[in-house]
Amino acid sequence: MVEHGDIRVVHCGGSKLNFRDPVITHDSRFLLCASGEAVKVFSTSTEECIHELRGHTGLVTGVLLRPSNHLQVYSSSLDGTVRLWDFTDGILIKTCVIGYPIYSFYASAKHENIFVFAERFQLVAVHLPQSGDQLVEARELSAVLSGVNPNPAAIAFGRGGEFIASVNDLQLEVYFFKKQKSYRFFLKEDNKKGGWNTFTCVACHPKDDCIATGHEDGKIRLWRNFNHKKEYTYSTLHWHHSAVSSLCFTPEGTNLLSGGVESVLIQWRYKQESERDFLPRLGAAITHITVSPDGSLFCTSHSDNKITIIQSCVKVSAVIQGLVKGDSIRTDLMMDPRSKALVLNGKPGHLQFYSLQRDKLLYNLDIVQQEYIHESGLQQFEVVKAAFDASGLWLATVEERHQKAAELELNLKLWAFDEQTQSFVLNTTISAPHDAQITAMSFRQTADSQTTLLVSTSKDGHFKAWQLAAPAHTEDYIQSVNCPSWLCDFVGAYHGLVPECCSFSADGSLLAVAFQEVVTVWSPATWELTFFFFSPPSISDLCFGRLSCSKYLLGTTASNLLCCWNLLTCSCKTSPCIKVLSTQNFFCDSLNRFISLFLSFLLSVFVFKPSEPRPLFSRKAVCSGKVTQAVFAPREEMLESCEESSQWLNRSQLYFLTQQMDLMTFTTKAEEDRLLASSKQLVIDDSVAMTPFYLLLGKHRQQQQEHRDSDSSLWAERTALPQTSASIKELLQTPAHVLPSTSYLCSMFVQSLLISVSDARSAHAEEEMESEKEEEDSEEEMESSRSKPELVAAATESDAPALTKAQARELRRVRKLDHSWLAGLLDS
Amino acid sequence: MASFKPTKIQVYPKLGEKVTQDTLYWKNYKAPVQIKEFGAVTSIDFSPVTPHNFAVTAFTRIHIYGPFSQEPVKSFTRFKDTAYCGRFRSDGQLLVAGCEDSVVRLFDVSGKVALRLFKGHTKAVHLTDFTSDRYQILTGSDDYTCRLWDIPNATELTTYREHTDYIRCGVTSKLNRDLFITGSYDHTVKLFDARVEKSVITMDHGQPVESVLLYPSEGLLVSAGGRHVKVWDLLKGGQPLVSLKNHHKTVTSLALSSNGQRLLSASLDRHVKVYSTTNYKVVHNFDYAASILSLALAPDDESIVVGMTNSILSIKHRKNQEDSKEIAGQQRRRPSYRVFVKGKNYVPKQDDYLVSKPVKEHLAKYDKQLRRFNVSKALDTALETWIRFRKPEITMAVIKELDRRGTLKNALAGRDERGLSQLLNFLIGNFVDARFTPVLVTAAEMILDIYQSIIGQSPLVDRQLLRLQDLVEKELDYQKELLEVLGMLDTMFASSLPRKEVPCSGIGKLE
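Quick note, the sequences are listed as chains P and S, same order. First residue of the first sequence? That's 298 in my numbering, and the numbers climb one at a time after it. First residue of the second sequence? That's 23 in my numbering, and the numbers climb one at a time after it.
Some hints here could point you the wrong way.
[As the list claims (entries may be wrong)] In silico contact screen, one side only, chain S against chain P (beta carbon under 8 Å); selected entries:
id: 1; residue: F26
id: 2; residue: K27
id: 3; residue: K30
id: 4; residue: Q32
id: 5; residue: G428
id: 6; residue: K431
[Said to hold, decoys possible] Listing some non-contacts, in silico: residues in chain S with all C-beta distances to chain P over 10 Å:
id: 7; residue: G142
id: 8; residue: L392
id: 9; residue: K399
Just so you know, the hints here were simulated from the structure itself, not pulled from any lab data. Here the structure is a predicted model, which means the values were calculated and not measured. Cβ coordinates follow ideal geometry from the N, Cα and C atoms, glycine included.
My request is simple: use the sequences and hints to build the entire structure.
Structural data, given as structure tokens:
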């Protein structure tokens, strides 16, 4: 099978979950949230993503339950459409083209229209035409309010849609739909204490005439009597010390929820505001709060791309965590050699382990191990460097805190992988390993893990080698901990120059350290300087070749050159030096012999072989926005591609991260097809809770699926007969207590085997009627008992021969007959 | 919801001696029993038979103590002048002692009056010992002679006049009845054989010899004199093996621990050092209150007895296993333990429905206050006297945490005179500790900023501030000197390092 090496860039996960407030369905079982260009449906109990509603071509800017039908959901997008979905099955029902990019949208049960925030800071009412077409165009637009805040939290419906409240800057505007009149209330610019009065968010009481507004200085104001221009009143609640970012009333209006940067969810009792409940330490700043329509669940979105589901008794019940977007990814992207997970900065002071295959956060490793104080303007410890050794047994991390007044605080921590807990455990903490910032870190990549060596280079002009001190003198000394710890083995320097980067050769016998424009090569066995290269502009990145190219040492320089030195002849191989515009980043493949290169301004990628000057692959403008990091991830199974240009993708995949924290990768067309096929097969109802029973069946199912794949030709034959499968489905989807006894079925199958009728013409009417009936009775049980019948279906289909339509009809007839005599016959 | 992460207390590497098997072994002694004698304790000798009484020679008396009594079991007081070197015979029945009046007396341990008097020396006798056949006595005297006496008829057998100065120490062989060794102030140690007329081996110690000791195998000899302890190989004809110089005053006494693995030396510098006999490294060190004159170990190291110049006898008994067991047993009998454990060790049965109780995590007091953002109270807790003196790293960790939260200034402010002086006390105590300096500098600057207006109002605070200033100035001078030394060393190292050629290649012809 010849594959076409059509390499394309695909999006493979990591989108924002906290861009807009999520929505909880009426039955509190699902949670919907906008995520990039899709809407994700999560189960609130298992935290799993069940569906992805894909179809929008722009960023999704809002999700709303359809007020008239709680099983359908609207979504709006920057592509100028509003789409209606059935979220239980993940089907697109209708697309409504509005024509303007939509930034946020609102709906209320009392209004037919939906309200859309479009360009020019206007709130526009849109009437959605009630036609049965898939694609409709909405042209009836009428402006409601102008000069509104683009923040979606700044507009709220009050008393079931009687009025709409909008805040902007220092102004609260209330528009009454019946009176067609709007009132405006202004706050003074400044309080006495230099407070910051600006409105940030608004929420309206569902039953009462009361509007709650949040402010920049952390105050919450409750406005009443606002249908008079002059006689309005407000009361003030104050707990937050910085801006209130979200406010929400519970559906009955008994409680008010508020949240902000402090990452504390506060529940105020309505009309008894002195009584409050707190839920502290939610992890990161709260951006949105929503409440399920029945009031049993709260959910908060956080700035670290997380959605927390909270029970109404103020107890966390589930956490949905996406790829965390830190302030900056200072650790670069790395691969954990053991779990094949992507590792990068996550929450402040944490490293996140992110599974690329499942697009799911595996876990966060707490590096700093300190209480995080949620206060803006504080200098916190940040994880700035991390490195894995080749076997994934050791992880080295560097954290630093840079204060204005005091000196730099640096900690080098070494983590050992613990087999029992399947996680990293802190082994050694070295405080102040260097006098200045650490520029690079590298483990020796040897297979034998007996002599693990770590080299760190620093701006203080030294590089240090750290070694795992074997517990040799346990005989003499009683150590407090018996496990070995890391000690400094060697300190090297070269003419007081600042080392910028370091790299070990593939076999660990050489260490290259680049001191500005000088590349020194050391032998770690004796710590002798073996030789050095000199290249005029300073070197910014350094890497040894792998496998057959291990004799080459590659480096990028500040003057946009890619240099390649041959270590055997000790000469700079001039041929692979190409002049490129701006070499921003340069990534090395650990398995392959390939080097890729990103150019930030051109947004292009080049892939080289160290031995050849000509790029193997080049692509310009891979995505919109700057590419900051990339990593080669080894594949689980090798691809077989003959085409030269896509050969570099055979053993590993190149992932890169855009500024919007979207993970992108390069795939060939064939692979994409395969992935698509597999994803179709894997559509299972994840809403079923993870019980041991489910696991058992799930495993069984998977095996069956594999089995099915193996004899796919047989399978294809069977799928060609939709009628038979339908009839069997009908039979099997009938609930067990309605079905006749097993002896009936047995006899039925025996009959079907004996009689061979090839009556192709069948009565369509009967068929249709039957299918309707089927729908009726299966609708309720569908969700609860779906996986089970399918499983049985798969099981029976594989060993029972195909039934024709006539047989099915026969079967139904047989079912209605009294066959007790046959049962008795069979028993005897 | 994550739980509160407690403040991380930095663990600093323990400075000073490492905890080894030896330190554990030698620390496993009870607090010393101190007994005041009548004068400087010059000699201590353990009886070879159980119950291992020991004879203590001090001034004009010899006291015999039992292993556990603090009162002497027996005393011999019939000396005209200062007594020296009371020693037991190998059967523990007889005791011999020299005297300043040159008469050597032999006592029955159960009697009171001397059984025999050996007269013949002309000056004070500092060395007395029984030979291994139990019938003869070796004496050494300030008249430069050493003699062998017959016990039954109290007659002199032989006289050796080879030493040219006072003979102050000596030992007889336990294996051979004819061999004995003497050490003298003429810097020599001599091995005599009673079967020949003169010494067999002469070893030059280099200093006046204060003490000699034979290994149980009698192949090795240890001599102490001046600041040196020297080990000689007798089987190789008195070849010097090791010379140890670990004391800074004269070494006065030597002892071997019972298994022969450790050698102990006591000195006028008030230390007892323990050496390993395999590599002759110091493995442990005891400190005493005064200069030590004599040292002895009970068999099986059951007790260490040390006599000092200030006439105090210090006895340390080994803690025995039963004692510690008894203490553990007492703890187990406490009722509170059972109350705490009650119901916790219940293993749920298969059908039981488990209702879990939230585990209440334990937080230190300062952590509880930090969790509630009570910064001043947290600092107060961390500055409590016990923590401040015993665990300064906790105080440091809290100060660091407050600094990280940006609330250190709030926590430091608003203190009265007592609180401020407490704070300043802590600063003065830990300011120059290199591990604490970076954080304390910030804190000190803040304190000076906050409280500069009240300077001059309280004499106590003013005094402490002056002390702090003094401390900083001294430390600066000290650091400067250190840097100077470092610079000198650097130049020395640089000049002594051999020059090495590094192959240079690949000068970038890049285009």
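TODO: Verify the interface restraint on S/K27: the C-beta must sit less than 8 Å from at least one C-beta of chain P.
DONE: This interface hint holds because 5 Å falls under the 8 Å limit.
- [ ] Hold the hint about S/G428 up to the distance rule: shortest CB distance to chain P must be less than 8 Å.
- [x] holds (5 Å)
Task: S/K431 as chain P interface residue, shortest Cβ-Cβ below 8 Å - done: violated (11 Å)
Open item on the list: For the restraint on S/Q32, tell me whether the closest CB of chain P is nearer than 8 Å.
Closed with: This interface hint holds because 7 Å falls under the 8 Å limit.
Task: Minimum Cβ-Cβ distance from S/L392 to chain P exceeds 10 Å - done: It is violated; S/L392 is separated from chain P by about 7 Å at its closest Cβ, not greater than 10 Å.
Task: Status of S/G142, Cβ more than 10 Å from any chain P Cβ - done: holds (52 Å)
TODO: Against chain P, does S/K399 hold up as non-interface, every C-beta pair farther apart than 10 Å?
DONE: holds (16 Å)
- [ ] May I ask you to test the interface hint for S/K30 with respect to chain P, counting a Cβ-Cβ separation under 8 Å as satisfied?
- [x] holds (6 Å)
Open item on the list: The hint names S/F26 as touching chain P; please verify it with the least Cβ-Cβ distance against 8 Å.
Closed with: holds (6 Å)
Checked against the numbered hints given earlier, this structure breaks hints 6 and 8; the rest are met.
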